[in-house]
Each structure stands twice: as structure tokens, then as C-alpha cells.
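Each of the two chains sits in its own frame; use the hints to bring them together as a complex.
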Amino acid sequence: MILLYLIIILMAGGVLAWLLGKRSAISSRIISLAAVSIDLILIIIAILQNGIPDDKKWIFEYSVSWIPKLGISLHLAMDGLSLLMLFLTFFLGLIAILISWKEIQKSVGFFHFNILWILSGIIGVFLSMDLFLFYFFWEVMLIPMYFLISIWGHENRIYASYKFFIFTQASGLLMFLAILGLYLAHGNATGYYTFDYQQLLGTTYNPTIEMLLMCGFLIAFIVKLPVVPFHNWLPDAHTEAPTAGSLILAGLMLKTGAYGLLRFVVPLFPHASQIFAPFGMILGVIGILYGAKLAFSQTDLKRLVAYTSVSHMGFVILGVYAFNELAYQGVVMQMIAHGISTGALFVLVGQLYERIHTRDINKMGGLWEQVPIMGTMGLVFAMASLGLPGLGNFIAEFLTLVGTFKANILMASLASVGLIAATIYSLRIVQKVFLGKKDNDYKMKDLSIREMVAMGSLVVAIIFIGLYPQPVINTAKPALMKTLNAKQEYYQSQKVDDSVILNNRTCSPDTRKLNK
Amino acid sequence: MTAYIPFIPAIPLLSSLIIILFGRILSKKIVAFLGVGSVSLSAIITIIAGINFISSTPENGSYTVTVWNWLTTGGFSANIAFSVDALSLIFCFVITFVGALIHLYSVEFMDHDEGFARFFAYMNLFVSSMLILVLADNLLLMYLGWEGVGLCSYLLIGFWYKEPENGYAARKAFIVTRVGDTAMIIGLFLLFINLGTLNINELMQQASLKWAVSSPLAILSAALLLGGALGKSAQLPLQTWLPDAMAGPSPVSALIHAATMVTAGVYLIARTHVLFALAPAVQAAVAVIGAATLIIAGFSALTQHDFKRVLAYSTISQIGYMFLALGVGAWSAAVFHFMIHAFFKALLFLGAGAVIHLLHHEHDMFKMGGLWKKLPIIFITFLIGSASLAALPLISAGFYSKDAILWFAWSSTNGSKWLWLAAYFGAFITSIYTFRMIFVTFFGEAKTEPTHKPGKLMTIPLVVLAIISLIGGFIELPENFGHFQIFSRFLSTTLPSVQLAGESHNELLFQILSAIASLLGIYLAYLLYFKKSSFAESFSNSQLANFFYKGWQFDWLYDKVFVKPLVWLSEINKNDFVDKIYTAIAKATEFLNSLLSRTQQGRLRWYVMVLTAGVVIILTFMLNL
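Residue numbers (this note's numbering), protein chains in the order written: chain A, 133 to 648; chain B, 75 to 699.
With the rest of the complex left out, here is chain B (with noise of 0.2 Å):
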């Protein structure tokens, strides 16, 4: 009954393999019906799954089906095995279906690109490792998905590989994210050598009976997990090279750098909650680290004029706003804001890729303008998924995902009201950069024309994941609001749900209070960008708004700390001293041979003289004795 399940990831591998051995024969159409075709399969098996879940969920909340063994020696194993539950079933929900959806864009969006079945190949790779990455049932084999997406990542940021800079910022990708997932497999040893498996459910049953809360190895590897999470998920101080992975093509961003491998992190956090549970030292670092990555990406977000790079920053902020929910202990709040953030973000980085594709591919904010009349359908649609970025109260479900967390944040055992100021001010930031970027784009006078309209491939997206960023969030309700809450309970049967600190506030209180943070945002950025304050201007040459702009120099700092160094160490030694050693020995041994030859060299009367000079040291020695 559910041997289903391994389809939903070898779907899409198979078709990568297929356009990769086949694709220059292949036509266009075949390519793409593959491409799209293959991840739309797994997004129905996926849902199938799903029904056959809820009806008849199993006992423990889950169930694995092993496909075959993968290596066993020396008291260790892992299989090719696949585990279901309520948070990989959500996350091969998003995946697929959010999957499905950029694919068929892509295929108009990349119809005029030399290397359109290459690029299906890339994509159709990443979705079955991103499968496989949620649905691993242990930590080897995650590990295997978390290196694949890593890897596909790579490629589709360099896409267009004939500009240096693309393959810089690829590169940059793998290796920033590289080195958390270097601590990510230390962690994995240490896990297997203490508690003896990497089984992800006996590996957190052993954890719980083995380990005391707050032991160092339960903080060692929780920490070390989340050295691999901050660099996938993009989170301080591993998040540099988010922003120039807008490089990639726009649906890569809206799969790869939005909707789902940067969301990783919190998938791996949430799947080892016990681990961080017991390391609350660690689970409050997770905190921190996300309400300061929040306010930090928000503040860069708010000074960039590369459409796409504010919508880097925003996912980077957004992110923030998840590690905040899971360092408090609100699980499922940090997953339903995850889904939900990949449906807005996802709507907004294809809403993003279709302006600057049909203006001649102007990344300038500032170069656009008046596009609201132009591309009707791209900016209600665009306006939509700002709403919900913006948390626009009681109508976006970017405001039901958002609210739940600054309340958690507030009310839960682990929150505190500094994690909440900072998830408030953040929320204000948001909204402030969300509604820059409509008014800047889509208001005031046209500065580029677009080409042409967008066609139907590219709108039926567009307004599908608009429809969901609208309505996504009445599946979880506040408790105050009716007390509607299917998805924590879909939950529950995997993660716990929040510990909340003694009497609880009035929560409709805080509701109203992010109303205002939202609602004002607007109104401030509608001063600076509609009605173009002088302000505006003058911020934007200062300084600070440099600093920011740059990311807080974060890219200075390790250029000179890191690269220039290694560059450094790379330039020196080039050759290899060990190998003047040995050239000196080569040598030395040259010169006694050139001493000795001097011996050799056929004078009689040389010869005559060392044979007298040594019959007469011999006989002098032999007389002494």
C-alpha cells in the first residue's frame, strides 16, 4: 500500500536522467512535458499519500518503506529508506507543488535559452534530492539530498556560465554552504559514535534515554546540526551568499533560494527537535541567531535596488523569522510559516522574473516604474504575495504565519520580550521594503517599456500561487479566532506543540499591535516611495544606507579575513619546498662527485704523491702503536 513512495523522489530522477542522456536528441516539447510532467506526477502521489495519511494515519505518526539496503560494516547501517510523517508529507507538498508549478512557468520563461533541456535536467535533479532530503530516514542518506540540492544549487546558479561573475556566485554558494555542511558530518560522526546509529527515530529515542538535558555531547551536536543548517538556510553568519545567488535564472530563485533548499535548515531542525530540546543552550542560540538575521537581512532589503536582490534579502530576513519560531519551541508555527513564505515568495520571485524578463532583463527597481497598467495581471498578483510578505492583518496569510510567531515569541516557555521587540521591528522593516518595492516598480512614471505580454504558461502560476497566498492562511487560525487549527493538528503527531509561559496574555492584543506595525509600514513607505519625500533621497546617499546596501559588509570582512589570507597561502609555496630538500640533496650529492672526480683525473704524478702521502700517515700511524 505504500510502496508508492520512493516514485515521488525517482520520478523526477529518472526524467533528469533521461533529458541528461537524451536531451540534445530530445525536442523542446518532449523535454518539457518530461520536465514538468515528472514533478507534477510526484506532486499527485505526494497528495495521495497525503489522503491515504489522514485516513488511516499510522500509529507512531509514521511509517517507512526501505528500498534497499545501503551500506552496512562495522556496526554501522544505513538503508535507502524513505520516512513518512506530517512534516515530510507538508515539505513534499510544498515541494512538488510549488515545484510544479515554477517548472511549467519555465518552460516559457527559458523557451528562447540554448540551454532550455539542460535546465530541466538541473531542475528536475534538484527536486528528487530535495524529496529526498525531506523524506530520508536517517541522517546519511539526508545528507545525500542536503549535498545533491547543494550541488544542483551550484549549477543553476551558474546557469549561464559564460559570465564569470555567474560562476563566482555559484562557486560562492558551494563553498560558504560547504563549510556548515562540514560541521553538519562531524556532527553525524559524533551522533553515530555515541548513540550508535543514524536512524533519525531510534537516533532521537537513544538521545533522550542517553543523554541528561544540557550534557555537552547533546550541546556539541545539536550545535554542530546547526553549523550545517545556518549554512544552507542562509541564516548569520553564513548568509553571504544568498544574495548573489540571484544570479540564477528568476525560477530557480523562486525554487532553490526561496521556496525550498534554503528552507532546509528548518526542516533539519525541526526533523532532530529532541536533539535541540536537550540542548537548550543551542535552541537558544537558534533564536537569537534568527531574530538577528531577520533585522539585519531586513535592513539591507530596505536599500537594494536589484528587484530580485530585495527579495534575497527578504528570504533571508523571512528565514530569520522560522529559526526565531524553532528556538522558541514553536515547531509547527515555524513549518506553517515555512509553507506559507513558499507560496508568497515563490509568487513574488516569478512575479520578479516575469517584469525583468519582459523589460530586456533590467534588474533596476529604479529603471521600471508605471508597470501597474502595463502587466495588470503580474502586479495584482505581485501585490497579493507583498500583502502576505507584509502580514496585511486578517486577509493575507502572510499575517497568520507571522502573528503566530511574534506571539509564540512572546508567550512561549523559551520566548522573551527582546525576541519579540525584535520580530515586531522586523515585521515594521518588512513591510516598509515590501511596499517600496511596489511603489517604486509598478507606481509612478514608466521608464521601460515592456516587451510584450506575458503568456499563459507564466500567468497560471502567478495566479494559482496567488490564490493560495490569500487564502493559505485560514488553515491555522489563532486560538481567538475560532480556534481552527487543522494544520498544528496534521502536526502533532510529530512535533509538540508550544510550551506556553504561565497566564497568558491577551493575545488579541498582540494581533493588533502587529496590525499597526504592518499597516504603518505602508503608510511610511507610501510617504518615502509614492509620494517620493526628499527624505527617501537623502537616506539612500548616506552611509549607513550604503552599509546596509552592502550587506552590512559582512563580504568585506571575510574577503579580508578568509580569502585574502588563503589566496595568500595559495600564492606562497607554489612549488613545494619539500621539493627543495630534495634538489638540495641531488645537488650536494653532485658536488662530492665533482670532489671526487678531481681525484680521477689520470696525472701520474698526482697519484704518485697521495700514494707517498699515504704510505707515510699509515707508517707514522703504525709506528706510534
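Looking at chain A on its own, in the form it has when it is part of the complex (with noise of 0.2 Å):
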């Protein structure tokens, strides 16, 4: 029932700060951060209540029935995975509405409404075990986005908020025709329909038409996540979303893409994934690559952080296809990594555009004189965008950097260059905006209280997984064995293990007396 009630708060809490503030804006504003500080209150005391079992039954399960003709039901379960992202929800999600506190004014209940419903359809994804419900939440958190960039956006705000809404809604309806064809195969199959997860699992298909239904799910997940060459509506969606929206969209509904290769497609579609993975690496490393380059190109700096998100991103398609535990541990804790590292940083630039209205960096430069605090934040996160250790990035990195290379070398090593980039970009930001001689004249005021409080409880997250990611690594754990087993029954049979050869060749007899 909890998880239910999670997604019933946050909606009707929406329609609630819609209502009240046409009255008053303020009211709006407490509403919706109260909500979401029941949400994560509520899962608070229920895990507390309930401790995380460490075998791989679901944490909170609540099942009714909705349309029992066509096997569709009201199916919500949660695991470690869905219970990391729930809580990276709530606190994405209240620092998403203390920034807006001063940003938005206009039509502030609609606003809010909209944030909340966002986040109610982002833990609907994240929690829904029924193919027809994750599909009723996948276009639930996509309207509201809409309106949010289309509302509330920049100058170009419009172009982008279509841009988003044509990418997303066309590779969500190749989805929807998967998930029809798979509830479709399923039946034709075992002669019970279903959109229920748990069942569809372990279907078996002939190949081809296994390949095709995979396809439908990752497209619409690569798309969000995004992958070169489909991340194109990112960089417009970024810039020109009010920070709240360019925060949740980095933040939260990237990660939705991940969640769903992880979720779906690798348990799903076990084989087809197997003979995609060569692909799904390189276009990992492509990603890591060109996200840079291009980040490094820009001179709007919502516009190189949005890149930079491409970049990071291309690490977790890059480990989702490695297929080993150390590579799925580094691609969680880089969803939870690069949302908290590029939320600040988006974050920031909202800040600085409050201050000096531009996002152009050729126009600031020097302004750490004025503004230390901000300056020391902006290091912070431009180093975690860089990957230095001691913060979660690098974990994340390390990670999974270590299990691609158990599974290809050449794409680890390879997907390495990218730290060398990443070094690169990340110091054009510190340099350009607050190092060098200040030829502007400015006026700035230093970070205020509320936004300390959202930009320090950032820090201090990405510190923490930093220098101590176990508890997130061992409430992954049962989650991601899941997802490994699922798909190791299928090829266990032909399964070689890399290192094994590697280790293999150097200690065979021969090579040895070859050395001599």
C-alpha cells in the first residue's frame, strides 16, 4: 500500500499547489515541498520499519487488479534499485523546488503541479512492475515536462519543449509497440496474456522477433538516457528548461533510461542482448567521447553541462553491456553520481543566471572574488564532473571502468580517454567563469541561506558516496543479481570468462618457457 500512497501524495499534492496558489504562491510552495518531505519521511520509517532483505524478493509489493480482460493490473513493487532512485527522487526533487523559490513567479501553482506530477510519473517508472502501468508513467512524467519547458523555459523555448516532446513521444510509441508485441508473443506462447513483469520474464521467442521487440524498449530507452545519435533534443531540452526542469531532466529522467535497460531490456530480451552488447559498448565509448568534444565546444554554459551529461551518460550503456556485477554497481552509482554532480551544476548556472542574466561564458571570468562560496561549489562539482577520487563520480567511473575491461579492453581503455577529456572541460569551466581578470562589472551577492542549504546538502551527498558507498552498493546488490542472473541462465552454457583466457595464456607452460 506505501508505494501507492508515495504516488497518490505527490499527485494530489500537485492539484492541491495548482489550486491554492491562484490564492497565494507561497502556499503552493509549502505544499509541494511538504509533500515531498512525506514521500521521503514515509520511506524513511518504512524501511526502517522493515529492513532490506538481502535475497531478491521485493522489498514492498502491492498488487490489484485494474483490467483483468486484458491482464492488466495495478502492479507496484520496489527493490533495492527502485528504493535507491526513489530516494534520489525525493531529494532531487525538494532541492528542485527550493531553487525555484525565487525563479519562478509566474503561474507558481501550475508550476508546482507540474513538478510534482513529474515526480510522481518518475516513481510510477520506478516502481511499476506492470508493462501497460510503466508505460501509463512513462507518458505521465512527459506532458508535464513539456509544459514545464514550454512555460517556463528561456528564449528558445518553444523549439525545445517540441524538440523533447517529438523525440520522447516517438521512440515511447515504438515502446508501446514492443510492449504489445511481447504481451502478444507471451500469450501466443503460454496462452495467458499478461503485462505483468514478473510473468513476461523468461518468455521465449524466436530470435528475430526477439531482436525486434528489444529494439522497440531501447530505443525509447537510449533516447532518454540519451545515446549518440539520439541526443539531440537533450542539449535544447537542458538550456532552455527553467533550473528546475534542466535539474529533474539531468537529474531524474536520464536515469529513468538506465533504469529501464536494467529493468527491461537485459532480463527481458537476455539473448538479443547478448549479440547487441558489442554495439551498446561502442556506442558507450562513442558517447563518452563526442559528449565531450562537443562540451568542450560550447560557449553557453547550460549548453556544455547539458553535453556533459551525453558524456557521462556513455558510461552507463557502456556498463549496462559489460554484464558483471562490478560494471552494474558503477552504472547505479553513476545514475546517483551524475545526478546529484550534474543536478549542481545545473543548479549553479541558474544561480549565476539570476545574478548576471547570461549563460554565455565568454562573458563572465573573474567572479570568484565576489562570489568564493559559489566558486568553491563550482570546483566541487566541475571535479566530480572530472571524476577525481573522494567523490562518487569516480567510484562510479572506477566502477565500471573495471567490469568493462573484465568484459572488452579495448572499450575500458578506450572509454578511459574520456577522463583525460572530461579534465579538460570541467577546468574551461572553473577557468572561464570564476578564474581569470574580471572585465565585467558585475555586481553579485554570495550564495543566500536557502540556496547554501540546497548547494551544501549536495556537497555533502556527493562527499559521502564518495568516501563511503557501501550501504548504496549492498541496497543494489539483490537488484542487480537479478538482472545478472536473468541473463546469465540464458548463456551460461556459452559463457567464457575474459580473464579467465587472459590469466590462461600468461601461465600456460609455453609462453612461460617462450619467456625464458
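Since the hints were derived computationally from the structure, they do not count as laboratory data.
Be a bit skeptical, because a hint or two may be false.
As the list claims (entries may be wrong) - Just a sample of chain B residues kept apart from chain A, beta carbon distances all over 10 Å, derived:
hint, residue
1, Trp144
2, Leu145
3, Phe266
4, Val362
5, Phe604
6, Leu685
What the hints assert, rightly or not - Which chain B residues face chain A? A few, computed with CB under 10 Å, are given here:
hint, residue
7, Gly135
8, Thr146
9, Leu214
10, Leu229
Even glycine gets a Cβ: it sits at the ideal position worked out from N, Cα and C.
Shown next as C-alpha cells:
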């Protein structure tokens, strides 16, 4: 039941915020803050009472029949992976509301309605174990986001919001077709028609059908992630969205793509995933390097940060197709660390924009003198972005790369070059914005208490998971093993462990002879 | 009993955090107290740890203190754990002891700087990261320290951030070393995947068990780690960042770019010496790179005008000696030279910093002159440091440490006469450029007047470092000098002793030869720069001198090969050509739309015509059937 409450509280909170917002803006802000906080507190209490089982059972599950004729049910369930994503959603959700306090002055009620409905759509996506329901929530998060960009965005917002909508909607439709195909394939094979995720796991198909169905899901998720060459909606949407929108897009919505790969693509289509794996990894490497290259070329700070997202999400798809525990832990860590660090960078850009009304880095420079606290924050998250050890992103990239290295040495080595590229663009941000000569006459105030609370909590979070990631790793582990096992059951017979080959090769007697 | 070890890096870290968070409300005195006090406290704890270690050395030569488990997943595990042995103790001692003196000096040096608190926050953070680097019991934690010192180096080179050139130098340092670091992290992947751990002790055991000498994996992983070492220690071909790093304040150059961080590569190789011994080809490369670097940098030092740049090239060159020693398997000689070099090079940088500070930030040596009378303490201490750098026989510490390297370059099993010759020639150049500095800045006519005398906070560190630069060498005397070798005996629990080849040559002969090189170099410098021979003038105007001055044009080369192409790459396709594809799809759709919309223009005539045509076509098909 609690899972349903979480969603209902957000939706109801949204409606209430809209209604109240017409009379007083502040009350709708407070209502929104309260709704997300209640959710966060509820889930913490529930977890404290229940604990996290380390076997593969759900932590919470809720299931009632919805449209029995079609085999559709209201099936919500949560495991460690969804729990982590829920925490991230509520945490970033709170920050999104906090940072909009001053920025949003136009139709405040409707703004918060949209924020809360996006959040509820996102947690719906993380909790749905019925594919029909999943698709429903997938759409729920899309439409309010469209409004968010097109109403509260910057200059070019209409173009960006259309682009965002079309990319997501078109790819979503392909997924819907694939869901229907999966439904029919499973029904034809077993005579039992259902949209239930658990039932659909282990469906046997003919390979072509499996490949086609997988592509349907895959496209929706890699557009969302995004993976080059499906990334073009992202720079526009991120740049034009209001700060809260960029934060939610980068911090949360991209993660639904990663989540979809782990939850649906790999377990439902193990065979096709295996075939696709080398291409997935190549796409990952291309994304890492191409995203970094474009990030370096940008002069619009927000666009720059948007392209770093493209680069960082390359690690996600790289890790997903490495198919081992190390890489999967890295992927989960990347989802969280990137959510925090890139989210923080977007918040920072928003704060700069509020003060100097430009996003052009050529018009900045030497700002450290006036806003040292802001500069320090910027430095911390630039370092997170380049993967400095001690911050969460390093753990993520290290685990992803070491896992990938196990699977494919070449891809891992190429992806490591991304670390150098990340250094170059991250240092460029710090230099162009905060350091150098000040040849502008901006009068800026440093962060206010409210802003410091938001940024400070992000800093604490990124350092915490950088130095003590074990709680996250332990929470995610059962869910990840579930995905990996679903995969392994298929190809166990064919599995050849690369590292074994390497070891054998070096230790084999004839090489030793050769060496001597 | 050993639970206090984590406090060695933790205290400076804590102090740094306090200064970062409250720096703007704390008074200068408190900041200085925290900054100097924290490092001094670490130094005291290190000395206590050292005394305890000597009085009761653990059986296998090291002990580990685990603070917490960092991460464990999928067969990988790394702890936040500190391992203490002879090698890490020596490094800790140098870092905290020299570090404390430099911090003390900085209190006066940075007194009028508006970034006083920021300076000490970064410096403390650096000391903490460097201590983590040398105390780490696994390579992942070492990498944390490794990147941490890189960050602090970046922040401190660009400390005076208002000058864009400083920012450029800082980024250059970070990016160039990051190239090496990336090789290193790939090496870490390789080691973990094949040996199943990153714990250094286990790793070395596993490597010697599983890998044969010269097996491809041993060679590859040693080469990748070497990549990291070359970047951090500014060796060929990644040496170009260090001369530019002199943009930072002088105490930074003394601490980071002379005494400690730049020797991290030496530490890494010494720490993983088992792996390098399994890869003789890579170890030989270490020696050759060291020898080549020491000569190339020596020539560049000979032609510089900027006081600090001479010292920067000299540092590159001296680290080349350490690499040479590592390459020939003289592990403890490398560590000994590291320690002595830290003392005298910190001294020289602090002395040069003081001169520059007192001369209105004048960096050009040729605009100084005649300072020995006006700044006697600085002159005498600087002279002592220079004697050590030039390896003045018998009385200077540098003689003993460098002589050992020269001797092993010849006599060790991995040594050769060519390596010796390079090192010998390098020693000769070293003594020329060192005394060129002395004669040009401290003698001749005075061109710039110092504003005031240095205060106590600046002179005390100079005097202390000068004393150790004189007597520090006596803890490790050559075999024929009475065989007093506590240093290498202390290290022998961690590092194997050097293997000498065949019959021993006459060590004394080599010592006399070194002495001649050193004295001859000084005499030549005297002729050229004190007597002002015309050759010095004509040489410095020559093309060749310009080539050396520009650091053998490596910057020019890298600019052409890497920087320009990368900038070009970023210039093209700024707007992401992939976007054009989608725009094209949108355009095509609009075009189709415009075509189709013409059929809906509301003219009855047109509709009737299309209708009739349709009927005719359909009828034709039906009749054919």
C-alpha cells in the first residue's frame, strides 16, 4: 500500500498546489515541499521498520487487478534499485522546489503542479511491475515536463519543448508497440495474456522477434539516456528549461532510461542483449568522447553542462553491456552521482543566471573574487565531473571501467581517454567562469542561506557516496544480481570468462618457455 | 598502539576543512596557527611512529591500520587503510618535516596576500593528500592521494588566479599529469583483473607468484604505472608542465614542485619495485628515461634567466637521477637522493623565493646581482644548498646521495657505462648551472635593491634546511668511507639491496672522478659568469641556447601535434552535425506537408478533376482484370 500512497501523495499535492497557487504563491511552494518531504519521511520510516532483505524478494509489493480482461494490473513493487532511485528522486525533488523559490514567479501554482506530477510519474516508472502501467507513468512524466519547458523556459523554449516531446513520444510509441508485441508473444506461447513483468520474464521467443521487441524498448531508453546519435533533444531541452526542469531532466529523467535498460531490456531479452552488447559498448564510447568534445566547444554554460551529461551517460550504457556485477554497481553509482553532480552544476548555472542574466561564458570570468562560496561549489562539482577520487563520480567511473575492462579491454581503455577529456572541459568551466581577469562590472551577491542549504546538501551527498559508497552498493546488490542472473541463465553454457583466458594465456607453460 | 597513524594525514585535512569553512571569519593569526600547527603536529606523530617502528620493527617490515572499508563489491575490495613501513616513514618524515618548515616560511611570505586563508587551506589539503598517497595500503587509495595532490598543485599554481597565464599554467599541469594518471588507472584495472586485488602487499606477492619475468602482462602493467610516474614526476616525455608550474607562489614550488609531489613517481616505482623487477625491459626504460631527462633538463637549466625556472629544470634533472637509480635497481639510493634533494631543493626554492620577494617580484637573475653583502643569511644558506646540488665533494649531503647513484649506474647488474657517462656528464652540467646562479645573482654589481631584510619566520627555515643539507649525507656513507649506512639498513626491511655486477671496481676512483666533475663545473661557471668571459655572452645569444632555453622545443612540438589539432577539432562541428539530420527530417516532413496541403485548397474544379481521373484509373485497372 505504501507504494501507492507515495504516488497519490505527490499527485494530490500537485492538485492542491495548483488550486492554492491561485490565491497565494507561497502556499503552493510550501505544499509542494511538504508533499515531497512526507514521501521521503514515509519511505525512510517504512525502510527502518522493514529493513532491506538481502535476498531477491521485493521490499514492498502492491498488486490489484485493474483491467482483468486484458491482464493489466496495478502492480507496484520496490527492490533496492528502485529504493535508491526513489531516494534520489525525493532528494533532488526537494532541491528543485527550493531553488525555484525566487526564480519562478509566473503561475506558481501550475508550476508546482507540473513538478509534482513529473516526480510522481518518475517514481511510478521506478515502481511499476506491469508494463502497461509502466507505459502509463512513462507518459505521465512527459507531458508536465513539456509544459515546464514551454511555459517557464528561456528564449528558445517552444522549439526545445517540441523537440523534447517529439523525440520522447516517438521513441515511447516504439516501446508501446514492443510492449504489445511482448504481450502477444508471451500470450501465444503460453496461452496466458498478461502485462505483468514477473510473468513475462523468461518468455521464449524466436530470435528475430526477440531482437525486434528489444529494439523497441531499447530505442525508448537510449533516447532518454541519451545515447549518441539520439541525444539531440537533450542540449536544447536542458538549456531552455527553467533550472528546476534542467535539474529534474538531468538528475532524474535520464536515469529512467538507465533504469529501463537494467530492469527491462537485459532481463526480458537476454539473448538479443548479448548480440547487441558490442554495439552498446561502442555507442557508449562514442557517447563519452563525442559528448566531451561537444562540451568543450560550447560557449553557453548550460549547453556545456548538458553535453557533459551526454558524455557521462556514455558510461552507463558501456557498463550495462559489460554484464558483470562491478560494472552494474558502477552504473547505479553513476546514476546517483551524476544526478547529484550534474544537477548541482545546473543549479549553479541557474544561480549565475539569476545574478548576471547571461549564460555565455565569454561574458563571465574572474567571478571568484565576488562569490567565493559559489566558486568553491563550482570547483567541487567540476572536480566531481572530471572524476576526482573522494567524490561519488569516481567510484562510479572506476567500477564501470573496471567491470568493462573485464568484458572488453579495448572499450574500457578507449573510455578511459574520456577521463582526460573530462579534465579539459571541467577545468575550462572553472577558468572561464570564476578565474582569470574580471573584465565585466557585475555586482553579485554570494549564495543566500536557502541556496547554501541546497548546494551544501548536494556537496555533502557527493562526498559521502565518494568516501562511503557501501550502503548504496549493498542496497543495489540484490536487484542487480537479479538482472545478471536472468542474463546468465541464458548464456551460462556459452559463457567464456575473458579474464580466465588472459590468465591461462600468461601462465601456460609454453609462454613461459618463450619468455625464458 | 598504532591507532594514531591515521591522524598523520587526518590532522592537516581537518585543519584544511576548518580554514575552508571558516577562513573568512578567522583571524590571520589563527589561520597561521592552524596551518603551521597541523603540519607540525603531523611531523611530531611521524617521528613518534618512526621511533616506535625502529624500536620494535614488525616481523615482515610493515603494519597496517584500517580505518574503514571503502568499498567491497563483485570481488573487489579496498579499504581506507594506512600501511607503515620504512619507505612510507621516510616519505612521511620528509613531507611533514620539510612541509612544516615551508608552512612556517609562508606565514611571512604570504603575509600581505589577500588569499592568506585560502593559501593555507590548499597547502594543508596538499600535505594531507600527499600523506595519504605514501601511506595508502592499496593502489586505489594511493590514486586518491595521487589525484588529490594533483588538484592541490592545480589550485596552487593558479593561486593568483587573476592572471590568465597562471590559470593556463595550472591547467597545463593538471591535464598533462592527467594523461599519465589515465595510463596509471588503466594499469590498476589490468592489475586487479589479473591478480584479483589492489592491496599493494598482496599484489606484489601475487605478481611474483603468477607472472614470470618478462611476461607480457607484467611488462604492460609496469609500463602503465610508469606512465603515471612520468606525468607526476615530470620526466620525458611529460616534463613540459613543471617549468610553467613556477607561476605559483615560491613556497608552493618548494613544497610541491621540488620536495614532495614531483617525487611521487619515484615513490610509486619504489613501492611497486617487485613488479618492475618482473619487467626488466620497463625497468631499463626507467633508467634510460631518467638519464635522458637529466641531461635534457640540465641543458635547459643552463640557459634560463628566470631564477625559479633554473630551479624547475634542475628539479626535473635531479628526479632524472632518481629514476636512473630506480632503473638500475638501486632502490635505496633513489630514496636517499629523494630525501637529500628534498632538503636542499626546498632550501634553494625558499631562498630564491625570498630574493624574489625582497626584490619587488623580480624574477630575472640578470637584473639582480651583488646580493651577498645585502642579504648575507640568504646568501650563505643558498650557497650551502647550491653546494649540495652541485655535489661538492665530502662536505655536502648531495655529494653522498649523487655519488651513490653514479656508482651504481656503473656497477649494478643493470648498470652500464653509457648510463654512468650520462649521469657523469649531467653532474658536470649541474655544477655549472648551479654556480652560474650563484655568480649571477649574488656577485657582480647590484642592479636591484632589496626593500627590507627577511624576518625570522623566513630565515629560520632557511637555516634549518641548510644545516641538514650539510650533515644529512652522513647517515649513508659509501662502503669505502667506513661503511656507515643506517639509511639503507633502515630501508632494507622494505627494499632489496642493489645487485652489483661481477668483480668490484675501485669505488674510490669513481668518487675522485665525481669530485673532479663538480669542481670543474664550478670553475667553469666562475670563468664564464664571474669573470664574464665573452663566450658566455655569445653562447646565450646563439640558436642552440635558444633551443635549450625553450626546453628543447617540446612545447612547440606538443602544440603542433596535440593542442592545435584538438582546438581545430573543437572548432569544427560546434553545432553537432547529428542535429542536421533531425532538422532535415523535420524539413522533409514540412515539404511533404506543403505538397499534400495543395490538394486541399478548396477549389471545386480541382476536386472534380482529381475525382474523375481517379475513377478513370480505377476503371482501367478493373477492366484489365
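Each hint tested on the structure:
no.: 1; hint: Trp144; result: violated, 7 Å
no.: 2; hint: Leu145; result: violated, 5 Å
no.: 3; hint: Phe266; result: violated, 6 Å
no.: 4; hint: Val362; result: holds, 22 Å
no.: 5; hint: Phe604; result: holds, 42 Å
no.: 6; hint: Leu685; result: holds, 34 Å
no.: 7; hint: Gly135; result: violated, 27 Å
no.: 8; hint: Thr146; result: holds, 7 Å
no.: 9; hint: Leu214; result: holds, 7 Å
no.: 10; hint: Leu229; result: holds, 8 Å
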